[in-house]
Amino acid sequence: MCRMIHAEIYKLFRTRTFKVLCIVAVILAIISIGTSKIMSSEDFFRSSLKGMPKNQQDQYIEQLQKINNPSDSKVVIGNIGMRNPSKDIFHPTARELFYGSFGSGVIEILLSVLIASIVAGEYSSGTIKNMLAYGKRREYYYISKLIAISIGFVIILGIMVTVTTVGSTILYGWGVPFDINQALQLLKIFIATSIVGLGIISFIMLLSTLIKSNGITIILGVVIFSLLPTIISFLYGKYTWFDKIYESTLPYNWALVTSVHAVNSDILKAIAVGIITLLLTLSAGIFVLKSQDIK
Amino acid sequence: MKNIVLRTHKLCKKYGGEFAVNNVSMTINKGDIYGFIGRNGAGKTTLIRMITGLIHKTSGEIELFGCSGISALDQSRIMMGCVIETPTFYNNMTARENLEVSRLVRNIPGKKCIDEVLNLVGLRDVNKKKVKNFSLGMKQRLGIANALLGNPRFLILDEPINGLDPVSMVEIRELLKKINKEKNMTMLISSHILSELSELATCYGIINNGKLLEEITSEELNEKCKRYIELKVSNAKKAVVLLETELNIKNYVVQENNIIKIYSHLGQIGNINTLLSTNQVTVDKILSKGQNLEEYFLNIIGGEDNV
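Residue numbers (the working numbering), protein chains in the order written: chain A, 212 to 506; chain B, 104 to 410.
Bound-form chain A, shown alone (with noise of 0.2 Å):
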């Protein structure tokens, strides 16, 4: 089991696609600075509405800095992205752009392509015949697999926190005095948002591991984590058990950890969630593989 491990985690730092998606980590951060520096520039807004009057101007401003912050919710139903969730959009801090820089929808993403590489690519490119036929115990490989591509999002998810915090504390600090209790909460916010996303990257290779197909894992990992959470969010506050089911997701528990003003029994509920899918969908996929015949 420790040489599969091994041997996935050798294979990943030599797979292409993690190499470009470590790049694109980098980049989505960079821009993810850059919006929050212009959006921060109360003269650059002023110019952009040059022909309006003033107090149409600070009426526009007023409504915006509200849409960016609605009544303080935990999760803004539907948004999606590498949000600046700031309270005040001209006065932003490193600390508010910690918890934006998760990126909510964006992540699924770039975990269904990395998924899409490593688990489905196995089978496009018949790979996987070497890995199976030597009497390797097929729930080994899977369980390694989950593993290597864990630590390969880890290190993305690394990566884009990591430049948007460090970046955005550069331009408007840390927002607070920074102390080990601040430390141990990006810590704790980080290993919870791991976990939630070992719950999508499980789900995500169950898919892979169903459809056998790289283009359709990246599809169905973008229409089910990205788009479908944003166009079905509008039923959000109409139906009770709409709620209650639209809260159980793995989207919206994503969105949940990362949220500034998530608390500990928020964060809980998250953790829950990715775990009971991770167990599940593990279960699944390893029955899956086991049942399959490779040609």
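FYI, nobody ran anything at the bench for these hints, they're computed from the structure.
Everything numeric in this text was worked out from a predicted model, so none of it was measured.
Don't be surprised by glycine CBs; every beta carbon is placed ideally from N, CA and C.
Take the hints with a grain of salt, since some may be wrong.
[As the list claims (entries may be wrong)] Straight-line alpha carbon distances no greater than 16 Å define the calculated EDC-like cross-link-like pairs of lysine to aspartate or glutamate that follow: (1) 364(B) x 347(B); (2) 364(B) x 333(B); (3) 501(A) x 347(B); (4) 160(B) x 504(A); (5) 281(B) x 268(B); (6) 233(B) x 200(B); (7) 233(B) x 188(B); (8) 117(B) x 477(A); (9) 242(B) x 268(B); (10) 329(B) x 397(B); (11) 399(A) x 504(A); (12) 506(A) x 188(B).
[Unchecked claim] Anything over 10 Å on all C-beta distances counts as not near chain B; from chain A, calculated: (13) 217; (14) 342; (15) 433; (16) 451; (17) 476.
[Said to hold, decoys possible] Partial list, computed: chain A residues near chain B (C-beta under 10 Å): (18) 215; (19) 218; (20) 221; (21) 227; (22) 246; (23) 248; (24) 252; (25) 332; (26) 336; (27) 338; (28) 340; (29) 343; (30) 348; (31) 449; (32) 472.
Assemble the complex: chain A is given as a structure, and chain B must be docked to it using the hints.
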């Protein structure tokens, strides 16, 4: 008693309602080079995939190195090396990196074995070249190198010489012969190139429509395929005397019903016929008989298809 490396008993694989492999019972002994012959879709690769554990059997038994049962079989598969159909690798990695992955997966200690197998198949000079830039022949060699990694006791090669140029074919054939001889490595080789297989194999299995039609050793095959002239004459005793004295024919056998089989003078059918006719021995039938592996295979397959 011979050491049996692989034995299958009534092995079946069904896809939908169709048998891809139907009741195959085959035996491969230690040190054998087993030539596995069959048309496309005959069931060769399906059988090989079952042996390697890539696909599940519908029914029947597989015994590898004396082990059957799921976990014992998995344990014994560690002693195998295989190339199944076209060798597949991680295209963005070098040959060495691909073999390193394989070494890790198969739990083979030490990296020295990678250089050994690369040297063995003549790929030692492709250090930084990625597999995506390899020719088909180079990929085949790398596939064989991968299979040979860690000195397996049983080598399974599915179409190993596909895509190789004639020189490489000879090199690979000689390499396999050498390994078989020096390491007493048992091999199962399936190939469409029967002339190549006949240079290598010590026994054969012929499969058609999922059924194993015949298992035969190369000695038995040579005996069956030996070319000879078959005669049916009115007086065998007189004919034999004439053949010995007039044409100096010594290598022959006389069978029932005045049938004579002559294993020499194959190009002298006309002379033999004239000699016997002019000496009042009636020749009822005179035929040149015997086959090569290709003809023998076609004959067997044809017979099966006509059933």
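Status of the hints after comparison with the structure:
1. The hinted pair formed by residue 364(B) and residue 347(B) meets the criterion: a straight-line CA distance of about 13 Å does not exceed 16 Å.
2. Our distance criterion of 16 Å between C-alpha atoms is met by residue 364(B) and residue 333(B), whose separation comes to about 5 Å.
3. Of the supplied pair hints, the one linking residue 501(A) and residue 347(B) is violated, its CA atoms being roughly 69 Å apart against a limit of 16 Å.
4. Restraint check: the Cα-Cα separation between residue 160(B) and residue 504(A) comes to about 10 Å, which is no more than 16 Å; the hinted pair holds.
5. A distance of roughly 20 Å separates the Cα atoms of residue 281(B) and residue 268(B); the hinted pair therefore is violated under the 16 Å criterion.
6. Distance check on the hinted pair: residue 233(B) and residue 200(B) sit about 9 Å apart at the alpha-carbon level, within 16 Å; holds.
7. Proximity of residue 233(B) to residue 188(B) is assessed by CA-CA distance (about 21 Å); at most 16 Å being required, the pair is judged violated.
8. The hinted pair formed by residue 117(B) and residue 477(A) fails the criterion: a straight-line CA distance of about 51 Å is larger than 16 Å.
9. Between residue 242(B) and residue 268(B) the alpha-carbon distance is near 13 Å, which keeps this suggested pair within the 16 Å criterion.
10. Among the hinted pairs, residue 329(B) with residue 397(B) is consistent with the structure: their alpha-carbon atoms are about 13 Å apart, no more than 16 Å.
11. Proximity of residue 399(A) to residue 504(A) is assessed by CA-CA distance (about 42 Å); at most 16 Å being required, the pair is judged violated.
12. Between residue 506(A) and residue 188(B), the direct Cα distance comes to roughly 10 Å. Compliance with the 16 Å bound is thereby established for this hinted pair.
13. Interface exclusion of residue 217(A) from chain B breaks down, the closest Cβ pair being 5 Å apart, not more than 10 Å.
14. At the 10 Å boundary, the C-beta of residue 342(A) falls inside the reach of chain B, the nearest C-beta of that chain being 6 Å off.
15. No beta-carbon of chain B comes within 10 Å of the beta-carbon of residue 433(A); the shortest separation is about 24 Å.
16. For residue 451(A), the condition that its CB be more than 10 Å from all CB atoms of chain B holds, with the nearest at approximately 46 Å.
17. The Cβ of residue 476(A) sits about 43 Å from the closest Cβ of chain B, beyond the 10 Å cut-off, so the non-interface label holds.
18. Checking residue 215(A) against chain B by beta carbon gives a least distance of about 6 Å; that is within 10 Å, so the hint holds.
19. Because the smallest distance between the Cβ of residue 218(A) and any Cβ of chain B comes to about 4 Å, under 10 Å, the interface hint for this residue holds.
20. Interface hint status for residue 221(A): upheld, as the beta-carbon distance to the closest one in chain B is roughly 6 Å, under 10 Å.
21. Taken as an interface hint, residue 227(A) checks out: its beta carbon lies about 5 Å from the nearest beta carbon of chain B, inside 10 Å.
22. Taken as an interface hint, residue 246(A) does not check out: its beta carbon lies about 33 Å from the nearest beta carbon of chain B, beyond 10 Å.
23. For residue 248(A), the suggested interface contact is broken, since its CB lies about 37 Å from the closest CB of chain B, more than 10 Å.
24. Hint status for residue 252(A): violated, given a least beta-carbon distance of 43 Å to chain B, over 10 Å.
25. A cut of 10 Å between beta carbons decides the hint on residue 332(A): the least distance to chain B is about 9 Å, and the hint holds.
26. Using the Cβ-Cβ criterion of 10 Å, the hint placing residue 336(A) at the interface with chain B is satisfied: the shortest such distance is roughly 6 Å.
27. A least Cβ separation of about 5 Å between residue 338(A) and chain B falls short of the 10 Å threshold, and the interface hint therefore holds.
28. Annotation: interface hint on residue 340(A) holds; nearest CB of chain B at approximately 5 Å, less than 10 Å.
29. For residue 343(A), the shortest C-beta to C-beta distance to chain B is roughly 6 Å, which falls under 10 Å, so the interface hint holds.
30. For residue 348(A), the shortest C-beta to C-beta distance to chain B is roughly 7 Å, which falls under 10 Å, so the interface hint holds.
31. With a cut of 10 Å, the hint placing residue 449(A) at the interface with chain B is violated, because the nearest CB-to-CB distance is about 47 Å.
32. At a threshold of 10 Å, the smallest CB-CB gap from residue 472(A) to chain B is about 44 Å, leaving the interface hint violated.
The structure shown violates the earlier hints numbered 3, 5, 7, 8, 11, 13, 14, 22, 23, 24, 31 and 32.
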